[in-house]
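S.K.: Sequence:
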Amino acid sequence: MTLRSLLFLLMTLSLVACMEDSGDDGDDMDTDDNTATETETDVSEYFPKDISLASPFSESGSINAAPGAGLDSDTALVDGVLEGTTELDTVLDFQNFLGAAVNANCYGPSLMWANHPDDSNPASGELPGGDLMLWQSEDSQGNACAVAQLNQQLQQTSKQTLTALLLMAGTVQVASASSVDLPEASNSIDLTDEFNALSLSDTTFDSVTVEQNSDASWRYEMEFSYSGGSNDLDITITLDHNETEAESDSDSEESDDAFEGVLAYAISATNAEFGGGNCMDSNRTFNASLAYELEGDAVELQARSATFCGADAYGFVEDSTSDEFGQVDDDKIYDTDANGWSENFAIFVADYDIETLDGEYSYAWQAGRGDSHSRALNIAIDDTGSGTAFAGFANPIPSYDGVIKGMICNWAGPGNSHTPVLYAQQQVFSYNSTSGAYEVDSEKIDYLPTNSCSYDGSGTFTIDTDLDSDLSDETALTATSADLFGDGTSDLETLFSAAGVDLPEPIGGWPSESN
Numbered sequence: 104m105t106l107r108s109l110l111f112l113l114m115t116l117s118l119v120a121c122m123e124d125s126g127d128d129g130d131d132m133d134t135d136d137n138t139a140t141e142t143e144t145d146v147s148e149y150f151p152k153d154i155s156l157a158s159p160f161s162e163s164g165s166i167n168a169a170p171g172a173g174l175d176s177d178t179a180l181v182d183g184v185l186e187g188t189t190e191l192d193t194v195l196d197f198q199n200f201l202g203a204a205v206n207a208n209c210y211g212p213s214l215m216w217a218n219h220p221d222d223s224n225p226a227s228g229e230l231p232g233g234d235l236m237l238w239q240s241e242d243s244q245g246n247a248c249a250v251a252q253l254n255q256q257l258q259q260t261s262k263q264t265l266t267a268l269l270l271m272a273g274t275v276q277v278a279s280a281s282s283v284d285l286p287e288a289s290n291s292i293d294l295t296d297e298f299n300a301l302s303l304s305d306t307t308f309d310s311v312t313v314e315q316n317s318d319a320s321w322r323y324e325m326e327f328s329y330s331g332g333s334n335d336l337d338i339t340i341t342l343d344h345n346e347t348e349a350e351s352d353s354d355s356e357e358s359d360d361a362f363e364g365v366l367a368y369a370i371s372a373t374n375a376e377f378g379g380g381n382c383m384d385s386n387r388t389f390n391a392s393l394a395y396e397l398e399g400d401a402v403e404l405q406a407r408s409a410t411f412c413g414a415d416a417y418g419f420v421e422d423s424t425s426d427e428f429g430q431v432d433d434d435k436i437y438d439t440d441a442n443g444w445s446e447n448f449a450i451f452v453a454d455y456d457i458e459t460l461d462g463e464y465s466y467a468w469q470a471g472r473g474d475s476h477s478r479a480l481n482i483a484i485d486d487t488g489s490g491t492a493f494a495g496f497a498n499p500i501p502s503y504d505g506v507i508k509g510m511i512c513n514w515a516g517p518g519n520s521h522t523p524v525l526y527a528q529q530q531v532f533s534y535n536s537t538s539g540a541y542e543v544d545s546e547k548i549d550y551l552p553t554n555s556c557s558y559d560g561s562g563t564f565t566i567d568t569d570l571d572s573d574l575s576d577e578t579a580l581t582a583t584s585a586d587l588f589g590d591g592t593s594d595l596e597t598l599f600s601a602a603g604v605d606l607p608e609p610i611g612g613w614p615s616e617s618n
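Here our numbering is used: the first residue of the sequence shown is 104, the next is one more, and so on.
Derived by calculation from the structure, the hints in this document are not laboratory data.
Glycine included, every Cβ here is placed at the ideal spot set by N, Cα and C.
Each hint should be verified, as a subset may be incorrect.
[Unchecked claim] Simulated DEER-style distance windows between Cβ atoms:
| # | residue 1 | residue 2 | range |
| --- | --- | --- | --- |
| 1 | Asp544 | Asp576 | 28 to 34 Å |
| 2 | Asp569 | Ser600 | 35 to 41 Å |
| 3 | Ser538 | Leu574 | 30 to 36 Å |
| 4 | Asp192 | Asn290 | 26 to 32 Å |
| 5 | Asp360 | Asp192 | 20 to 26 Å |
| 6 | Glu229 | Asn299 | 47 to 53 Å |
Sequences and hints are given; from them, build the entire structure.
M.R.: Right, here's the structure in full:
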């Protein structure tokens, strides 16, 4: 598998396609004072062509599928809708808006234990799933667990983002099919009737508009309801897309094209769809955003998603002067806001070269607003396709700064402590084109679920090492030291950097920078 093929397995921002000229006679498409001359306009100036969100290792939700099959197909769908060669109603699946992120089968299993050394009253119990980080080296398909976990965590928002982008691209297609020109600066068009005329199953559109705020600033808005699931969904999607001033290209007299924008969507439903018991309201609103910047081959992305308390609980930064404008608002928390985020909050940041994938990637997620810490993955990929991943615990989302603070090895066990120890998990991996898996080359991930991450062997501590939910076939553990990255005293960010893994540059900054 070539690096070029790998490129299409990542969220891609390639804003390069141009619309064809209408003919050689110099005549343009008829317009009035409020509409743009489309035939003279580069598509990338008004729409982020080929934008997509995924893990750098995914292929349409599966790692081991044919190389390039997933993202090649997804971006081709959006391109086809934009160009009018693929009918919008043939590629939409509104069920993609449902569902939540799940863990890889190698990550954080439930674990039975007996006679825990941090328990003053020896007993037995079971640690809940999700707290044990990279517990097994690889998933059932042979992929490094860090790779598998990133894919699983991003899979659902990838589907949602694709569906939102298809609908936004659909405004261009529907306008063209209806002989409605795109608006000129300081004007807008309303496509609500045209979208309802599509008669999409179980869907009613309340508002669909496209506005050009200036010569280089576009806003797409859509509100609709969908009744094809277990309960009705109310969905709002917005897309702000801008051409920006590029920095001078040192290798050329011309500067690269530069674009930036934010895609955002909110899905309002009962908590039967999005779950969580951290707020008293029976309804929830899932909010997600994808901010992007592209200049030449340099790409920066920040994706955020969280479940907010209540119906129509729109949780986006509304201050247009804020660097986080349009992104999901990490500061709007249920503790102080009845419609703040109460359930899972996730952040994915990427800073990379579009041609080689050489760059840094960071993902963090917090299971609920009351958690003391988030869980985080920091990953670097080089221009050969190999990579290094670190896993550990980081600050809670409102004060998250991208930095892994250490390991909390006994998150939910008896006598637990949430003070991180200065260790992290590390996996070095490379892609095997024969097996189609991202295989582990070396790793340091082993520890015990104790406050120290080790065990001195002085008691009769027992865990379900084979994960068969049966302790009767286990023997008491002997003295065991953790095999983790770090020395327990040195700053981890410095050690990560020495190992070739630096933090990416987040659009709008880390959440901690807004407080």
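S.K.: Please go over all the hints and tell whether each is borne out by the structure.
M.R.: Do the hints match the structure? See the list:
| no. | hint | in the structure |
| --- | --- | --- |
| 1 | Asp544 - Asp576: 28 to 34 Å | holds (32 Å) |
| 2 | Asp569 - Ser600: 35 to 41 Å | holds (37 Å) |
| 3 | Ser538 - Leu574: 30 to 36 Å | holds (34 Å) |
| 4 | Asp192 - Asn290: 26 to 32 Å | holds (28 Å) |
| 5 | Asp360 - Asp192: 20 to 26 Å | violated (32 Å) |
| 6 | Glu229 - Asn299: 47 to 53 Å | holds (52 Å) |
Checked against the numbered hints listed earlier, the structure breaks hint 5 alone; every other hint is satisfied.
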